[in-house]
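For the sequence shown, my numbering gives the first residue as 1, with consecutive numbering after it.
It is worth saying that the hints were derived from the structure and are not from the lab. In this text, a Cβ means the ideal position worked out from N, Cα and C, and glycines have one as well. Honestly, I wouldn't trust all of these hints.
[As the list claims (entries may be wrong)] Calculated pairs, DSBU-like style, for lysine-lysine (alpha carbon to alpha carbon, straight line, at most 30 Å):
hint: 1; residue 1: K144; residue 2: K76
hint: 2; residue 1: K73; residue 2: K47
hint: 3; residue 1: K94; residue 2: K43
hint: 4; residue 1: K74; residue 2: K47
hint: 5; residue 1: K81; residue 2: K132
hint: 6; residue 1: K144; residue 2: K85
hint: 7; residue 1: K73; residue 2: K85
hint: 8; residue 1: K134; residue 2: K74
hint: 9; residue 1: K120; residue 2: K140
hint: 10; residue 1: K144; residue 2: K120
hint: 11; residue 1: K43; residue 2: K126
hint: 12; residue 1: K85; residue 2: K126
hint: 13; residue 1: K94; residue 2: K73
hint: 14; residue 1: K43; residue 2: K103
hint: 15; residue 1: K76; residue 2: K140
hint: 16; residue 1: K94; residue 2: K140
hint: 17; residue 1: K103; residue 2: K47
hint: 18; residue 1: K94; residue 2: K74
hint: 19; residue 1: K47; residue 2: K126
hint: 20; residue 1: K85; residue 2: K43
hint: 21; residue 1: K132; residue 2: K85
hint: 22; residue 1: K132; residue 2: K94
hint: 23; residue 1: K76; residue 2: K47
hint: 24; residue 1: K43; residue 2: K120
hint: 25; residue 1: K81; residue 2: K94
[What the hints assert, rightly or not] Derived CB-CB ranges, DEER-like:
hint: 26; residue 1: T64; residue 2: K140; range: 52 to 62 Å
hint: 27; residue 1: T131; residue 2: A69; range: 15 to 25 Å
hint: 28; residue 1: G29; residue 2: I116; range: 33 to 43 Å
hint: 29; residue 1: S105; residue 2: T142; range: 19 to 29 Å
hint: 30; residue 1: T82; residue 2: V48; range: 53 to 63 Å
hint: 31; residue 1: E16; residue 2: S105; range: 47 to 57 Å
hint: 32; residue 1: T64; residue 2: M128; range: 11 to 21 Å
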Amino acid sequence: AVGSLWNSGRALGIGEEIVHAVASWARSGEAVVLRFEMATSCKFLRKVTREEEPSFSAETETTTTYTTADGRKKAKTTTSKTVVKVTEHFWRFKAAYTLSLYKGSDACSMKEPIQISVSKCAATFKTMNATKEKPPYPRKATQKPVDVDISCLVRALGEDGVARVEIDRSSDETRTPRRNKST
């Protein structure tokens, strides 16, 4: 399980140098904390109003017959059709996250926390809705950081940064791998 978690960490950007650095923190008795932080914003861009024909037939033709002052009969045809007025509001949504490793159990209270940045990503996309009054996402939002103490995972690493699990095969209590005390 430890090896699987470290493989996931490598996929997130925790490379060999970072593994060796945090392993030295853990060997010195310090806690190692993995922190996820995220911030988002949503900004109004523009309003677009357009007309389009409805999906149903909405054309009306009216013919009016009348007599002119000189006695001639005339017919007047009026054609009208319904159009739908559509108003769209366009917004820009931005999201950014940071994944970091901290030395010590409370990075928030430290004046200058020792930090290793593991991964950062920012993305932007445009979205549209029918009302301007209510944005599709909060205008600004900063999520509360999520901290996970991974000290026990780091301590399971050997000097070479590889997860080590040893099973005492000479013990009478040795059973299948999932039922051994060391696993």
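Taking the hints in turn, this is what the structure says about them:
Restraint check for K144 and K76: not satisfied, since their Cα atoms lie roughly 70 Å apart, outside the 30 Å limit. For the hint linking K73 to K47, the alpha-carbon distance of about 50 Å lies beyond 30 Å, and the restraint is violated. Taking the CA atoms of K94 and K43, the gap is near 9 Å; set against the 30 Å cutoff, the hint holds. Proposed proximity of K74 and K47 is contradicted: the alpha carbons are some 46 Å apart, above 30 Å.
At roughly 29 Å between alpha-carbon atoms, K81 and K132 fall within 30 Å of each other, so this suggested pair holds. For the hint pairing K144 with K85, the CA-to-CA distance comes to about 42 Å; that exceeds 30 Å, so the pair is violated. Restraint check for K73 and K85: not satisfied, since their Cα atoms lie roughly 39 Å apart, outside the 30 Å limit. Of the supplied pair hints, the one linking K134 and K74 is violated, its CA atoms being roughly 54 Å apart against a limit of 30 Å.
This hinted pair checks out: K120 and K140 have alpha carbons roughly 19 Å apart, not beyond 30 Å. For the proposed pair K144 and K120, the alpha carbon gap of about 17 Å is at most 30 Å, so the pair holds. Under the criterion of a C-alpha separation no larger than 30 Å, the hint pairing K43 with K126 is consistent with the structure, at around 10 Å. At roughly 22 Å between alpha-carbon atoms, K85 and K126 fall within 30 Å of each other, so this suggested pair holds.
In summary, the hint linking K94 to K73 is not supported, as the alpha carbons are separated by about 68 Å, beyond the 30 Å threshold. For the hint linking K43 to K103, the alpha-carbon distance of about 36 Å lies beyond 30 Å, and the restraint is violated. About 59 Å separates the Cα atoms of K76 and K140, which puts this hinted pair outside 30 Å; it is violated. In summary, the hint linking K94 to K140 is supported, as the alpha carbons are separated by about 9 Å, within the 30 Å threshold.
Between the alpha carbons of K103 and K47 the distance comes to roughly 48 Å, so the proposed pair goes past 30 Å and is violated. Restraint check for K94 and K74: not satisfied, since their Cα atoms lie roughly 64 Å apart, outside the 30 Å limit. Proposed proximity of K47 and K126 is supported: the alpha carbons are some 13 Å apart, at most 30 Å. Note on K85 and K43: the hinted pairing holds, with a Cα-Cα distance of about 24 Å set against a maximum of 30 Å.
As the CA atoms of K132 and K85 are separated by approximately 16 Å, the hinted pair is consistent with the 30 Å bound. Between K132 and K94, the direct Cα distance comes to roughly 18 Å. Compliance with the 30 Å bound is thereby established for this hinted pair. Restraint check for K76 and K47: not satisfied, since their Cα atoms lie roughly 40 Å apart, outside the 30 Å limit. At most 30 Å may separate the alpha-carbon atoms for a hinted pair to count; K43 and K120 meet this at roughly 22 Å.
Only pairs whose Cα atoms come within 30 Å are accepted, and K81 paired with K94 is rejected, the gap being roughly 42 Å. Judged by the Cβ atoms, the range 52 to 62 Å given for T64 and K140 holds: they are separated by roughly 60 Å. As the Cβ distance of T131 to A69 is approximately 54 Å, the hint placing it in 15 to 25 Å is violated. A hinted range of 33 to 43 Å is violated for the C-beta pair G29 and I116, which are about 18 Å apart.
Against the hinted window of 19 to 29 Å, the Cβ-Cβ separation of S105 and T142 comes to about 22 Å, which satisfies the hint. Distance hint check: the CB atoms of T82 and V48 are about 21 Å apart, inconsistent with the given range 53 to 63 Å. Take E16 and S105: their Cβ atoms lie about 25 Å apart, and the range 47 to 57 Å is violated. Between T64 and M128, the C-beta spacing of about 43 Å breaks the proposed range 11 to 21 Å.
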